[in-house]
Amino acid sequence: MSAAHDVDVTVNGRAYRRRVEPRLLLHDFLRHELGLTGTHAGCEHGVCGACTITLDGDSVRACLTFAVQADGARIETVEGLGTPEALSPLQEAFREFHALQCGFCTPGMLMTCVDLIRKYPLASDAEIREGLSGNLCRCTGYEHIVRAVRAAVARQRETTP
Amino acid sequence: MKPAAFDYARPGSLEEVVSILAGAGGDAKVLAGGQSLVPLLNFRMLRPAILVDINRVPGLSALEADGTGLRVGALTRHHTLETSRLVRARFPVLATAMAHVAHLAIRNRGTAGGSLSHADPAAELPMLALLLDAEIHTRSPAGSGRHAAGGFFLGPLVSALAEDEVVTEIVLPGLPPGTGWGFEEFAQRSGDFAIAAAAATVTLEGGRIAQARLALTGVDETPIRLAAVEADLVGARPGEALARAAAEHARTAVNPNSDLKASAEYRRRLVAALVARVLASAWARAGGGAPAPDGAAERDGAAERDGAAEPDREGSP
Numbered sequence: 001m002s003a004a005h006d007v008d009v010t011v012n013g014r015a016y017r018r019r020v021e022p023r024l025l026l027h028d029f030l031r032h033e034l035g036l037t038g039t040h041a042g043c044e045h046g047v048c049g050a051c052t053i054t055l056d057g058d059s060v061r062a063c064l065t066f067a068v069q070a071d072g073a074r075i076e077t078v079e080g081l082g083t084p085e086a087l088s089p090l091q092e093a094f095r096e097f098h099a100l101q102c103g104f105c106t107p108g109m110l111m112t113c114v115d116l117i118r119k120y121p122l123a124s125d126a127e128i129r130e131g132l133s134g135n136l137c138r139c140t141g142y143e144h145i146v147r148a149v150r151a152a153v154a155r156q157r158e159t160t161p
Numbered sequence: 001m002k003p004a005a006f007d008y009a010r011p012g013s014l015e016e017v018v019s020i021l022a023g024a025g026g027d028a029k030v031l032a033g034g035q036s037l038v039p040l041l042n043f044r045m046l047r048p049a050i051l052v053d054i055n056r057v058p059g060l061s062a063l064e065a066d067g068t069g070l071r072v073g074a075l076t077r078h079h080t081l082e083t084s085r086l087v088r089a090r091f092p093v094l095a096t097a098m099a100h101v102a103h104l105a106i107r108n109r110g111t112a113g114g115s116l117s118h119a120d121p122a123a124e125l126p127m128l129a130l131l132l133d134a135e136i137h138t139r140s141p142a143g144s145g146r147h148a149a150g151g152f153f154l155g156p157l158v159s160a161l162a163e164d165e166v167v168t169e170i171v172l173p174g175l176p177p178g179t180g181w182g183f184e185e186f187a188q189r190s191g192d193f194a195i196a197a198a199a200a201t202v203t204l205e206g207g208r209i210a211q212a213r214l215a216l217t218g219v220d221e222t223p224i225r226l227a228a229v230e231a232d233l234v235g236a237r238p239g240e241a242l243a244r245a246a247a248e249h250a251r252t253a254v255n256p257n258s259d260l261k262a263s264a265e266y267r268r269r270l271v272a273a274l275v276a277r278v279l280a281s282a283w284a285r286a287g288g289g290a291p292a293p294d295g296a297a298e299r300d301g302a303a304e305r306d307g308a309a310e311p312d313r314e315g316s317p
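Listed in order, the protein sequences are those of chains S and D.
The numbering used here applies: residue 1 is where the first sequence begins, and numbers increase by one.
The numbering used here applies: residue 1 is where the second sequence begins, and numbers increase by one.
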């Protein structure tokens, strides 16, 4: 048994402190310690992208990050985007363009796109496809997701001076 | 999949890092970006007693140019290398290659020092280090050390690093004037490891090749340089016939394995095609020969759109 460590994190604007084993992966920390089950556990070796969150503003695989490493960090998860009554613009585009079916990959897709649109606000179709290429979806065939992200990019350009 | 239990240390200095490594007698692993290490832990292919997290050691994230070349701190992330104006200006071949490393979320975390230490035989950065004659600076309890990239990669996932040694910085010597470059990768899907990739730099003087460097990854137990092919290029005038001859030479010089993704013969043919393309790109960019056959430089346009002044330093000190 290895020594436990205190972890202080801010998730979606709210501060949490927990004491964790070093081997606890960040998605398990979010799900089991904080009850934020929107972040999904898929392959748990960095391939599928379902657990993607942002850590200090950058998209990362929560399954390739230990909770102890996040001490002092600012995390965003899908729970921080919108609510069922007030979807975020990206979520609204996903709804409108049918960019999800079973929804398992959706939290990771959304958090990947949050970072993609922040870093590449002028993203071309090729850049959107490249940006989505690290997230697996077994339902949609991706085409509807590309359309949703394209619309979100276009709307952001209209509303950004 | 969950890793086996381990102890965790987050030292604040290099002295502490190497002292913990030395004290662990080979049962410690350095945790930088974790993008290759953590999957191995999750699969329990590795079960170290302790992880030494170097992410908060100051001084390992510098990215700066001086008279001798570019100094890349070990904690520099792949995404920084891909997008840095300094890297794009001085080593566009490196920035271009980094766009082929996995995906944005991986490039946000993965580090230069980690990629070299991990020594994956199909990874991009080890090939670039070899191509660009990088010098890999390290620290161990005995003090500072240096490795030439040429002797650093010993086998699949095996480097010349001692158990108590950690990479601190990668130094890339500046390219001479009149140097062009090429990079080509073939993978089954965007972000996959290369089935084969090639990179070249060619320096022209008076219309003839004064220096040529050619490196491959994905076709041997480590990334490789093709010294015999390079030697044959020196003194020649660039052209299609020369590219064809070099490609054929490269095809017979490599000895790749067959695996689920590709047979050895398929990889040899890939090597020939990729070598011809990277050489054509390299000497076109150096100012001689026909232009590259395809849009190898297309990603560069996006970075140039925003055209701000180029700083000499990036990253945190």
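Note that these hints are calculated values from the structure, not bench results.
Where a beta carbon is used, it is the ideal one built from N, C-alpha and C, also for glycine.
Wrong hints could be hidden among the right ones.
Claimed, not checked - Derived, one-sided and incomplete: chain S residues facing chain D with beta-carbon distance under 8 Å:
#, residue
1, His5
2, Asp6
3, Gly13
4, Arg17
5, Thr52
6, Leu64
7, Leu87
8, Thr112
9, Arg155
Hint by hint, here is what the structure shows:
Because the beta carbon of His5(S) sits about 6 Å from the nearest beta carbon in chain D, less than 8 Å, this interface hint is met. Violation of the interface hint for Asp6(S) is found here, the shortest Cβ-Cβ separation to chain D being roughly 12 Å, above the 8 Å cut-off. Restraint check, Gly13(S) versus chain D: the minimum CB separation of about 21 Å is more than 8 Å; hint violated. With its C-beta approaching chain D no nearer than about 17 Å, Arg17(S) sits outside the 8 Å limit, and its interface hint is violated.
For Thr52(S), the shortest C-beta to C-beta distance to chain D is roughly 5 Å, which falls under 8 Å, so the interface hint holds. With its C-beta approaching chain D no nearer than about 4 Å, Leu64(S) sits inside the 8 Å limit, and its interface hint holds. Taking 8 Å as the C-beta cut-off, the interface hint given for Leu87(S) is violated, the closest approach to chain D being about 23 Å. About 6 Å separates the beta-carbon of Thr112(S) from the nearest beta-carbon of chain D, less than 8 Å, and the hint is met.
At a threshold of 8 Å, the smallest CB-CB gap from Arg155(S) to chain D is about 21 Å, leaving the interface hint violated.
Hint check: violations occur at hints 2, 3, 4, 7 and 9; the rest are consistent with the structure.
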